[in-house]
Structures are given as C-alpha cells and as structure tokens.
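2 protein chains.
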Amino acid sequence: MKTEAFVFDAYGTLYDVQSVSKITCEKFPRHGELITQVWRLKQLEYTWLRSLMNSYRSFWDITEESLIYTLDAVGVESDAATRAQIMDKYLHLDPHPDCHSALDALAGVPLAILSNGNQGILDTLVENTGLDRKLEATISVDKVGIFKPHAAAYELVEERLNVKPENVVFVSSNAFDACAAKNFGFRVAWIERVTRKAMNREVDEAEHVGPSTMFKLLRMQMEDLGMEPDYRLTSLNELVALR
Amino acid sequence: MKTEAFVFDAYGTLYDVQSVSKITCEKFPRHGELITQVWRLKQLEYTWLRSLMNSYRSFWDITEESLIYTLDAVGVESDAATRAQIMDKYLHLDPHPDCHSALDALAGVPLAILSNGNQGILDTLVENTGLDRKLEATISVDKVGIFKPHAAAYELVEERLNVKPENVVFVSSNAFDACAAKNFGFRVAWIERVTRKAMNREVDEAEHVGPSTMFKLLRMQMEDLGMEPDYRLTSLNELVALR
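Residue numbers (my numbering), protein chains in the order written: chain H, 1 to 243; chain S, 1 to 243.
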C-alpha cells in the first residue's frame with residue numbers, strides 16, 4: 001500500500017490541549033487542573049451531542065459554551081475578559097514536542113490536518129505555530145456542519161486531497177477518532193500517549209484518583225469498539241517508517 | 001396545555017444507575033467507585049459515538065463493552081462470570097426513592113418510559129421492580145437503531161402513544177436528554193438531583209476531587225446548549241403539579 005498522504009488530527013495529536021492548563025491555573029489557582037479536564041471532556045461531548053441533535057455550532061462556539069459550563073459547575077466567578085484570555089490559548093496551543101520533528105521527517109509526502117476546529121481558528125493556530133509551512137492543507141469539518149466521528153467529516157479528505165482512503169495514513173491520539181477513521185476506511189496510526197501499562201500503574205499508585213487521571217482513563221486509552229487501528233505508536237516520530 | 005402523557009427516561013431518572021456501585025465495590029474493593037463512574041461515563045459516550053458512526057449495537061452490548069473498557073483501563077483482572085454478575089445489576093437497578101410514590105401520584109394519566117435500553121433488558125428491569133403495573137408502555141430506541149439525543153429516538157413517543165410532543169411532559173435527570181427533548185418539542189421537566197449550589201459546595205469543600213464528583217460535574221448539571229427545560233424539579237414527587 002502506497003502512502004499518498006498523512007492526515008493528522010489537530011487537538012491532542014499535533015497540539016497539546018493540556019497546555020491550556022497554564023492559563024487556567026493562573027486564573028483559577030485552586031481549580032485550574034479540574035477546569036482544564038472538565039472543559040476538554042465537555043467540549044468533545046458537545047461536539048457529539050450537537051452533531052446528533054442536528055444543531056451544529058462552530059468549534060469555537062462550543063469551546064466557549066463548554067468553558068462557561070465548566071466554570072459555572074465548578075463554581076468560580078469569571079468575566080468575559082478572563083474567559084477571552086483563556087479561549088485565546090486555543091489560538092496558541094503548544095505543539096507536542098514530537099510535532100515539528102515528525103512533520104519534518106515526512107516532508108515530501110503531502111501532509112494535512114483534518115480537525116473539528118473551524119477554519120478561522122485552525123488557520124490562525126497553524127500559522128501561529130509555524131505549521132503552515134509544513135502542511136499542504138488544513139481541512140475543517142465546518143464545511144459539512146457535523147463533527148467527527150461522523151463519516152461526512154472523514155469524507156472531506158478525499159474531496160480535498162484527491163486520495164483514496166486506503167492510501168491515507170490517518171494519525172490521531174484520540175482513540176475514538178482513530179477507531180472511527182479505521183471504520184471509515186483509512187489506514188490508521190493511533191498515537192498511544194499513555195500506554196495501558198502506564199495507565200494501570202497510575203491508577204494503582206494514586207492515593208486519590210483526580211481529574212487528570214480521570215481524563216486519561218476516559219480519553220487516552222484505546223476504545224473497546226471492535227475497530228482496531230493498524231498501527232499503535234508511542235510518538236509521532238515513528239510515523240517515518242510508514243512513509 | 002393539556003398533559004396527555006408523562007414519558008420518563010429510565011437510567012438515572014427512575015432508576016439509580018449509581019446503585020451498581022454495591023456490586024462493583026464488592027468485586028473490586030479498591031476501585032469500585034472509580035469503576036462505577038468511568039463505566040457510566042463511557043457507556044453513554046459509546047451510545048453517542050456508535051450513533052454518529054452509524055454502527056449501532058444494543059445498549060446491553062454497549063454496557064458490556066464499556067465495562068470491559070473500564071476494567072482494563074483501571075487495571076483489574078476479571079473473568080466472564082464476574083462481569084456477568086456486575087452486568088446483572090442492570091436488570092435489578094434500584095428505583096430512586098421517589099420513583100414509586102411519584103408514579104402512584106400520577107396514576108390516571110398515561111405513563112411511559114423512553115429509554116436507550118433494548119426492549120428485553122428494559123422489560124425485565126421494569127418487571128423486576130414492579131413498574132410494569134404502573135406504566136402503559138416501555139419504549140426502546142432499539143427499534144430505530146439510534147440512541148438519544150437523536151430525534152428518531154424521541155419520535156417513537158408519538159408513534160407509540162399517539163400524543164403530540166407538545167402534550168407530553170418528558171421527564172429526565174440526564175441534562176443532555178432534557179435539552180434534546182426540549183429541542184425536539186416536548187414540554188420538559190428536568191430532575192435536578194444535584195443542585196448547582198450543592199455542586200459548587202461539593203467542589204469547594206473537596207480536599208481531592210474524586211471520580212464521583214467528576215461524574216456529577218460532567219453529567220448532573222444543566223448543559224449550556226441554549227436549550228432550557230420548562231421545569232426544574234428536585235424530585236419526581238413534584239411532577240404531580242403538572243398533571
């Protein structure tokens with residue numbers, strides 16, 4: 001099988017969504033970590049719920065809705081300016097340490113992003129972090145008005161890049177995304193950022209299982225959906241073997 | 001507006017899904033509470049993901065998939081017999097303390113369940129807990145092969161009971177379900193089992209935010225989806241005012 005393109009998920013895969021914790025901890029020292037985890041969990045929930053209810057809103061709007069939900073539920077006061085400063089981090093997320101080197105090593109093969117993010121915030125993020133010079137396309141689900149894991153989102157890859165799914169290596173560290181991409185027909189590399197062994201050990205050694213461990217338990221382990229990715233990698237740098 | 005029927009969500013609304021913790025804590029003393037919460041969170045996630053991926057499986061199957069996921073991620077060994085004993089609790093969930101009295105007080109108005117559960121397990125649960133004598137219908141989404149919050153699930157009420165959505169009071173303690181039901185066109189009563197004030201206090205007073213508080217933060221607070229239920233009640237017993 002020829003690899004005609006590598007297509008990457010953005011949030012969690014190329015970009016570290018946990019990097020918002022710097023600003024949430026600065027603004028809310030007592031509850032920064034809790035806010036970071038509930039926010040991210042709820043943000044994805046809202047993409048699924050709105051997709052199922054046929055009531056799409058942009059990822060930016062959902063990110064704000066889920067932030068407001070989180071701050072209210074946790075019970076901290078916030079004003080619009082504070083929330084705007086927190087939201088702004090989504091335009092300046094830290095790339096994962098393996099992001100730039102991995103993309104460099106794949107140069108020559110078309111590289112693209114397929115993300116839930118709306119086009120405006122994706123383009124800004126990609127430019128702010130210098131990925132625009134490495135990517136052939138930044139594809140947003142916004143065009144179809146429904147989020148992953150709906151097939152309409154994954155269909156955008158062939159439409160935009162003109163490559164058949166079986167010739168695409170789709171890369172995600174989000175297990176649900178990796179499973180759905182496999183189910184759709186891509187070759188899939190799942191980036192296992194927290195191995196099962198490390199997860200088990202973290203739970204075993206925890207005196208109290210807190211929000212960060214809950215997040216990893218819920219979102220950073222391979223799903224039991226009967227849809228197995230083709231490759232399990234622990235770093236984006238291992239993708240070079242699939243070019 | 002005439003109330004021609006009360007339609008209830010089952011899991012979490014009439015039945016206490018947290019009542020599985022008795023058996024999970026018995027089987028896994030160190031991690032029973034964690035398993036209970038991750039399992040329920042993942043179970044609902046799977047209903048949403050499978051609905052979006054067009055890869056429906058029955059709620060019973062999803063309940064088992066999500067249990068296996070949870071036990072593996074937490075890192076406890078289990079055999080099929082142990083899992084079967086845990087799963088069996090879904091056929092014998094405890095009704096919430098306000099369940100029987102509330103249904104009795106509404107007698108005379110048609111009462112029904114609309115649930116994600118498949119018909120077989122719902123019928124068994126309803127019979128095991130004596131609700132069969134109080135309900136006119138137990139409606140399962142299984143017939144349409146897609147879970148709440150998809151509209152096709154809510155459409156089953158009119159089809160089965162022959163009442164217009166605006167004449168139905170739909171009752172749920174699951175916030176996403178209450179929002180989606182409102183969005184669909186029902187009159188909606190949300191059972192606020194953990195008030196915002198109690199939630200805020202729980203977080204404020206927690207030395208460590210654990211799995212149970214995480215669950216409440218994620219699933220027992222009103223969603224910020226711009227879809228407001230008509231009534232916020234703290235107990236099913238308050239429904240009598242809406243008959």
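Treat the hints with care, as some may be off.
If chains are identical, the list can't say which one is meant, so a pair holds when it fits in one copy or spans any two.
To be verified - Calculated pairs, EDC-like style, for lysine to aspartate or glutamate (alpha carbon to alpha carbon, straight line, at most 20 Å):
1. K134 with E238
2. K2 with E64
3. K182 with E65
4. K164 with E238
5. K182 with E33
6. K143 with D94
7. K216 with E33
8. K143 with D123
In short, the hints are calculated from the structure, not lab data.
Against the structure, the hints:
1. K134 with E238: Classified as within; 18 Å inside a copy, 60 Å across copies.
2. K2 with E64: neither (40 Å within a copy, 38 Å between copies)
3. K182 with E65: This pair counts as between: shortest inter-copy Cα distance 18 Å, intra-copy 30 Å.
4. K164 with E238: neither (23 Å within a copy, 57 Å between copies)
5. K182 with E33: neither (32 Å within a copy, 33 Å between copies)
6. K143 with D94: neither (26 Å within a copy, 46 Å between copies)
7. K216 with E33: both (13 Å within a copy, 17 Å between copies)
8. K143 with D123: This pair counts as within: shortest intra-copy Cα distance 14 Å, inter-copy 43 Å.
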